[in-house]
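There are 2 protein chains.
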Amino acid sequence: MKKAVFGVDVGGTSVKLGYFTIEGVLLDKWEIPTRTENGGVNVLPDIAASVKAKMEEKGLSADDVEGVGLGVPGPVKDDGTVIKCVNLGWGVFNAADELSSLLGVKVKVGNDANIAALGEMWMGGGKGHSSIVTITLGTGVGGGIILNGKMLSGVNGAGGEIGHMTLDTEETAVCNCGKCGCLEQYASATGIVRLAKKALDGSDQASSLRNVENLTAKDVFDAAKQGDELAGEQVEELGKKLGLACANIACVVDPELFVIGGGVSRAGQIILDVTEKYFRKYAFHACRETGFALAVLGNDAGIYGGARSVLG
Amino acid sequence: MKKAVFGVDVGGTSVKLGYFTIEGVLLDKWEIPTRTENGGVNVLPDIAASVKAKMEEKGLSADDVEGVGLGVPGPVKDDGTVIKCVNLGWGVFNAADELSSLLGVKVKVGNDANIAALGEMWMGGGKGHSSIVTITLGTGVGGGIILNGKMLSGVNGAGGEIGHMTLDTEETAVCNCGKCGCLEQYASATGIVRLAKKALDGSDQASSLRNVENLTAKDVFDAAKQGDELAGEQVEELGKKLGLACANIACVVDPELFVIGGGVSRAGQIILDVTEKYFRKYAFHACRETGFALAVLGNDAGIYGGARSVLG
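Protein chains in written order, with this note's numbering: chain A, 1 to 312; chain B, 1 to 312.
Treat the hints with care, since some could be wrong.
Pairs count within a copy or across copies, as identical chains cannot be separated in the list.
No more than 20 Å apart at the CA atoms, straight line, and that leaves these computed lysine to aspartate or glutamate pairs for EDC-like [stated by the list, open to error]: (1) Lys240 to Asp168; (2) Lys179 to Glu276; (3) Lys106 to Glu56; (4) Lys77 to Glu289; (5) Lys58 to Asp28.
Keep in mind the hints are simulated off the structure, nothing from the lab.
Next comes chain A alone, as it looks inside the complex (with noise of 0.2 Å):
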């Protein structure tokens, strides 16, 4: 009788890992740090001799283990097969195989992003939910798609990139990834906050974030909520951009719900409220009644998704 499973969100810097109950509980949660010299060859071995050692503190033989499941920062197949985790040093290879032999216990492996998105489906603001697409708004922009309980992958593994839609064919300020207009250089914090100084530096227009040093996304919001006008204008542009990229999405696959999650949702209800408001505008009449909820996961969201990843 399978009782325990393992969900382990690989970083580049520290690896979190918890054990759960089959149902969900987590019960406990650790943090080992990531070893990526020598092209990681480390990681995975590090991964299970901390597992291991927590099923032997727990009395648990590997009968009692459905198995462990894998969030790793980067593009994977469905079978397990990593392409390239340049924050791991990893090549392409089969990290589901390999930390099987090295366990003996089932192992799935997903791309972080994915893994998250079926945390926040299993136990976070997606529960209840089998088709949700969650966007994280962080530095950069995030995003996973989950239909029908499954993880999007993609044949490229840029499945659920949404952070990369092209938005303004005009703009001339250029993304991380090489090209101009995504969602990611409109709603990150890095985003938010370029856009805040390009209106400050534009305009003689008062506002109470001229007296902000090392303006953050934070600042933006806490303004806008105090009524400062110029703020709110940045915080319509968000939810216009969001909102919009929402209706595509919507149009492709027609989730149930979309899950806003990241620091920069930290702000509340009022991402919800401006996202919404655009994406009614924008998306099309049969899926214009889709839900939003905030994540409420935060950083636990890999090991839940990777917990959950295992129990199929």
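Given chain A, work out where chain B should sit, using these hints.
Structure of chain B alone, referenced to chain A:
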């Protein structure tokens, strides 16, 4: 031993039917009228009678038949429940169950655009692939998405409704759907003519199109192929919008191949060339090499896809 499968494409005027081997060889095809009166109560019984007559003609028993697959003009849930087919007079009911009980064989039902996409994947422009997006450029613009061999229907049946992706938030002309700036307004036959007329009316630029009565999309492509500058600009504009839409689809579902069909696609290679040109510009680098092909099954895509849908 199953040896036959039927594919059925239900239109508002006529129903197309095809009798196939399970390997996908079309052995016979025919049409019957669609009787839409009385809420379309006769449509399924007429199809059942026609399939039964063909089975008798060919000496097939129910044991010889793998099943019947149906494409209908409206949203359909995965279990065969039709949400509404205005053109057939249908409300909400399970069309798969009803036709199955009339025929005594397995029945699958899907949206006609998605079913046609499945046909193109099986024996058409997408043969040999399992994840494709079809875009049908006709009076309107339709789409169908197949991922790992399965149709993407969407929660509201709006999966692949890419004709209503918003590409220009500044557009003031209104789409049939009530929004402004939809792909359909630029890439449908109607849209191409609308934009060409606008360009002709808006300038004194010399163009062979000025001598054409009842301008069609074909006239625009023919003139562009013969070097007409204004017509060439219209084709570029089409490529820009279609390439942008494909790039935005690619960062959501990341398919292997785009298959372009519908009446407008009869212009041939020029459509692929101009669409790919802008796709490569707007697409995220990981999916920039996604392929493009022309649809090849024409009006038979629906019966091929219907047959394929039964084969699972």
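At most 20 Å between CA atoms: does that hold for Lys77 and Glu289 within a copy, between copies, both, or neither? between (33 Å within a copy, 17 Å between copies)
Same-copy or cross-copy closeness of Lys240 to Asp168 [CA-CA at most 20 Å]: For Lys240 and Asp168, both the intra-copy (12 Å) and inter-copy (12 Å) Cα distances are at most 20 Å.
Using 20 Å as the alpha-carbon threshold, which applies to Lys179 and Glu276: within, between, both, or neither? Answer is between: at 16 Å across copies they meet the 20 Å cutoff, but 27 Å inside does not.
Measure nothing new, just compare the shortest in-copy and cross-copy C-alpha distances for Lys106 and Glu56 to 20 Å and report within, between, both or neither. within (18 Å within a copy, 51 Å between copies)
Indicate which option fits the pair Lys58, Asp28 if close means a Cα-Cα distance not exceeding 20 Å: within, between, both or neither. within (10 Å within a copy, 65 Å between copies)
Of the numbered hints listed earlier, not one is contradicted by the structure.
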